[in-house]
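2 protein chains.
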Amino acid sequence: MSLNTNLTIALDVMGGDQGPFITLSSAIMAIKNQPNLHLILCGDEIIITETLARLNISKEKFANHKQLSLFATSQVVTMTDKPIVALRSKKDSSMRKSLDLVNEGRAQACVSAGNTGALFSMAHFVLKTLPGVDRPALISSLPTHDDDKHVFMLDLGANVFCDSHVLYQFGVMGSVMAEQVDGISKPRIALLNMGEEAIKGSDHIKLAALELSKDEDINYIGFIEGCDIFSNKADVIVCDGFVGNVALKTCEGVARLVYEKSKAAFNASLVAKVFGSLLKPSFKKLFKTMNPDQYNGASLIGLRGIVVKSHGNANIEAFYAAIMEAVKEVERQVPEKIKNSLEQGLSAR
Amino acid sequence: MSLNTNLTIALDVMGGDQGPFITLSSAIMAIKNQPNLHLILCGDEIIITETLARLNISKEKFANHKQLSLFATSQVVTMTDKPIVALRSKKDSSMRKSLDLVNEGRAQACVSAGNTGALFSMAHFVLKTLPGVDRPALISSLPTHDDDKHVFMLDLGANVFCDSHVLYQFGVMGSVMAEQVDGISKPRIALLNMGEEAIKGSDHIKLAALELSKDEDINYIGFIEGCDIFSNKADVIVCDGFVGNVALKTCEGVARLVYEKSKAAFNASLVAKVFGSLLKPSFKKLFKTMNPDQYNGASLIGLRGIVVKSHGNANIEAFYAAIMEAVKEVERQVPEKIKNSLEQGLSAR
Numbered sequence: 001m002s003l004n005t006n007l008t009i010a011l012d013v014m015g016g017d018q019g020p021f022i023t024l025s026s027a028i029m030a031i032k033n034q035p036n037l038h039l040i041l042c043g044d045e046i047i048i049t050e051t052l053a054r055l056n057i058s059k060e061k062f063a064n065h066k067q068l069s070l071f072a073t074s075q076v077v078t079m080t081d082k083p084i085v086a087l088r089s090k091k092d093s094s095m096r097k098s099l100d101l102v103n104e105g106r107a108q109a110c111v112s113a114g115n116t117g118a119l120f121s122m123a124h125f126v127l128k129t130l131p132g133v134d135r136p137a138l139i140s141s142l143p144t145h146d147d148d149k150h151v152f153m154l155d156l157g158a159n160v161f162c163d164s165h166v167l168y169q170f171g172v173m174g175s176v177m178a179e180q181v182d183g184i185s186k187p188r189i190a191l192l193n194m195g196e197e198a199i200k201g202s203d204h205i206k207l208a209a210l211e212l213s214k215d216e217d218i219n220y221i222g223f224i225e226g227c228d229i230f231s232n233k234a235d236v237i238v239c240d241g242f243v244g245n246v247a248l249k250t251c252e253g254v255a256r257l258v259y260e261k262s263k264a265a266f267n268a269s270l271v272a273k274v275f276g277s278l279l280k281p282s283f284k285k286l287f288k289t290m291n292p293d294q295y296n297g298a299s300l301i302g303l304r305g306i307v308v309k310s311h312g313n314a315n316i317e318a319f320y321a322a323i324m325e326a327v328k329e330v331e332r333q334v335p336e337k338i339k340n341s342l343e344q345g346l347s348a349r
Numbered sequence: 350m351s352l353n354t355n356l357t358i359a360l361d362v363m364g365g366d367q368g369p370f371i372t373l374s375s376a377i378m379a380i381k382n383q384p385n386l387h388l389i390l391c392g393d394e395i396i397i398t399e400t401l402a403r404l405n406i407s408k409e410k411f412a413n414h415k416q417l418s419l420f421a422t423s424q425v426v427t428m429t430d431k432p433i434v435a436l437r438s439k440k441d442s443s444m445r446k447s448l449d450l451v452n453e454g455r456a457q458a459c460v461s462a463g464n465t466g467a468l469f470s471m472a473h474f475v476l477k478t479l480p481g482v483d484r485p486a487l488i489s490s491l492p493t494h495d496d497d498k499h500v501f502m503l504d505l506g507a508n509v510f511c512d513s514h515v516l517y518q519f520g521v522m523g524s525v526m527a528e529q530v531d532g533i534s535k536p537r538i539a540l541l542n543m544g545e546e547a548i549k550g551s552d553h554i555k556l557a558a559l560e561l562s563k564d565e566d567i568n569y570i571g572f573i574e575g576c577d578i579f580s581n582k583a584d585v586i587v588c589d590g591f592v593g594n595v596a597l598k599t600c601e602g603v604a605r606l607v608y609e610k611s612k613a614a615f616n617a618s619l620v621a622k623v624f625g626s627l628l629k630p631s632f633k634k635l636f637k638t639m640n641p642d643q644y645n646g647a648s649l650i651g652l653r654g655i656v657v658k659s660h661g662n663a664n665i666e667a668f669y670a671a672i673m674e675a676v677k678e679v680e681r682q683v684p685e686k687i688k689n690s691l692e693q694g695l696s697a698r
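Protein chains in written order, with the working numbering: chain A, 1 to 349; chain B, 350 to 698.
If you're looking for bench data, these hints aren't it; they were derived computationally from the structure. For each residue, glycine too, the CB sits at the ideal point set by N, CA and C.
Heads up, simulated EDC-like pairs for lysine to aspartate or glutamate below, C-alpha to C-alpha not over 20 Å straight-line:
#1 A:K233 to B:E609
#2 B:K563 to B:D512
#3 A:K337 to A:D217
#4 B:K622 to B:E609
#5 A:K263 to B:D496
#6 A:K82 to A:D17
#7 B:K555 to B:D512
#8 B:K612 to A:D146
#9 B:K612 to A:E260
#10 B:K612 to A:D148
#11 A:K82 to B:D552
#12 B:K582 to A:E260
#13 A:K32 to A:E331
#14 B:K381 to B:E409
#15 B:K440 to B:E394
#16 A:K263 to B:D497
#17 A:K263 to B:D495
#18 B:K612 to A:D147
#19 A:K66 to A:E50
#20 A:K263 to B:E609
#21 A:K337 to A:E179
#22 A:K66 to A:E45
#23 A:K149 to B:E609
#24 B:K686 to B:E528
#25 B:K498 to A:E260
#26 B:K582 to A:E252
#27 B:K408 to B:E394
#28 B:K415 to B:E399
#29 B:K431 to A:D203
#30 A:K328 to A:E179
#31 B:K686 to B:E565
Here are some chain B residues pointing at chain A (derived, C-beta under 10 Å):
#32 T493
#33 G506
#34 G544
#35 S551
#36 D552
#37 I578
#38 V603
#39 Y608
Please model the entire structure based on the sequences and the hints provided.
Laid out in structure tokens, this is it:
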């Protein structure tokens, strides 16, 4: 084992519905494509060693590997563990240890495809929020009509209810993500609402709008409706976790429905079947990007460390994408930039 | 003019982005298909007379028409009128008068494609809520994976926030709609939430779940997530107006995005273009049903009269569908059934 790399990420190898074969396959893909990346594999020693052997990394090769090391753990957080139970009784789990490694400075980020609720609770407890941040948020990106652009959306489910100041903080955090990760200068920040008119929506949304518009460092553009999430009108869309979760999962549901119905259209007649088969590959690709929850990783931001959540159902490509998202956030120092932005916002008021 | 029909509906002819040509074309289609239907056309006398003449109903023919009559009004609620302004200063508008006709018992229902906020305020003010109903709700149906079934969803935007008892009432009202309009016995009622587990979501959603599960006349099946709106797991999905509005408009946004992207896929190469053109009609049909907000009418329920809202952008077919929805609700006596169900629920507690 060698730590002669400048980028270290802890992986919760045991998390996710699919288990170590997926997470380790993604890990191998990541270190091949990112030569300066070191991955700490948290999980059951025997399972990890055996799975790596199946993936052509023998026990000996693993022991001397320059980019992979093991952190043996004895517990696994299951998909049905309640957050509070996982937090209290799974202190030697692969999930918890990968967070501990970030907290101790031994890793710069961690990636997990495990139980979402447990990951939130543990990450919040272990890493704590940044100064100026009341609540962490789950952020991910969605496609837009413009193939080259996507839109960040937060919170996607870390918090049920968010007051106006928390929504304001989400705006600042989203702005930093869009600027640092996507290189957008002056990202357009919008609040998700029932209508575009200023009189619409709840009081706390109107207050958040006021607070965002007062911050000169934020390019606040106003309210946006659900139908315009994908219109490339905004770079960042802010909402509370309940609304964000419903919107994200509704996207998933609509994408699935359209996919099923278009398959039926392709099979409606022999002619359609023949012609449809020629178009199927491009449709498959389209629906994959329409399922952001499964395709992209989501990041839990506002904490003192970087935590990327991959979908429980993630395949090799998706978990790989989550690792690369973590790499990007480490390189761009996202938590530090969020802290600075919130401090600037506070001192300007 | 003759009132020898047993079904009278007031139309806000002036409402909607497209104006009287659309609403009157739909009206003519409706009376042709429904011989016992009488429509009271509320709006500007000259515009209505001239538009009908363009549609082959001369002034004389109109004056003696058995199924059409005029209620001349001098004002129009515009799409940008604020609800409170419309309520106070547009008392002789086509929208207001069509509601007044329902209130006075001269029409059994009204249909409008006008300004949504103004219609809600006016309808609430003129018709008042049924006994046992705290807030009216906007309800519509969405497609499911099963071609023969759809799912009712409420509230789609009449109320920003709804407490647990209001959500319970929405469950009862939705149950009546599914039973009366769709003939489903023991409709499956679900609450939209962030997860299916009973521990998730806000306190008022958990309390609403408790209240719904206690009502023996309601077939409450638990929480449902956004991804399962279209899965035919429930017949009625209950949520507050903010969440429902975001979910509905997100559907619209996703449908538009997939439609645009699939058009691009069809045009990606000459081969795809040729084959795609053969599949386009079935795709167009698919995306039309995926845009429930524009395709179906939505009903404002919980009031002492029937109010159906058509989309501002409705075409002839869509506004016709809204009129026929009103016919159905009159025939099935929806308001009376809602009142009875809520009284039963109250007396059982």
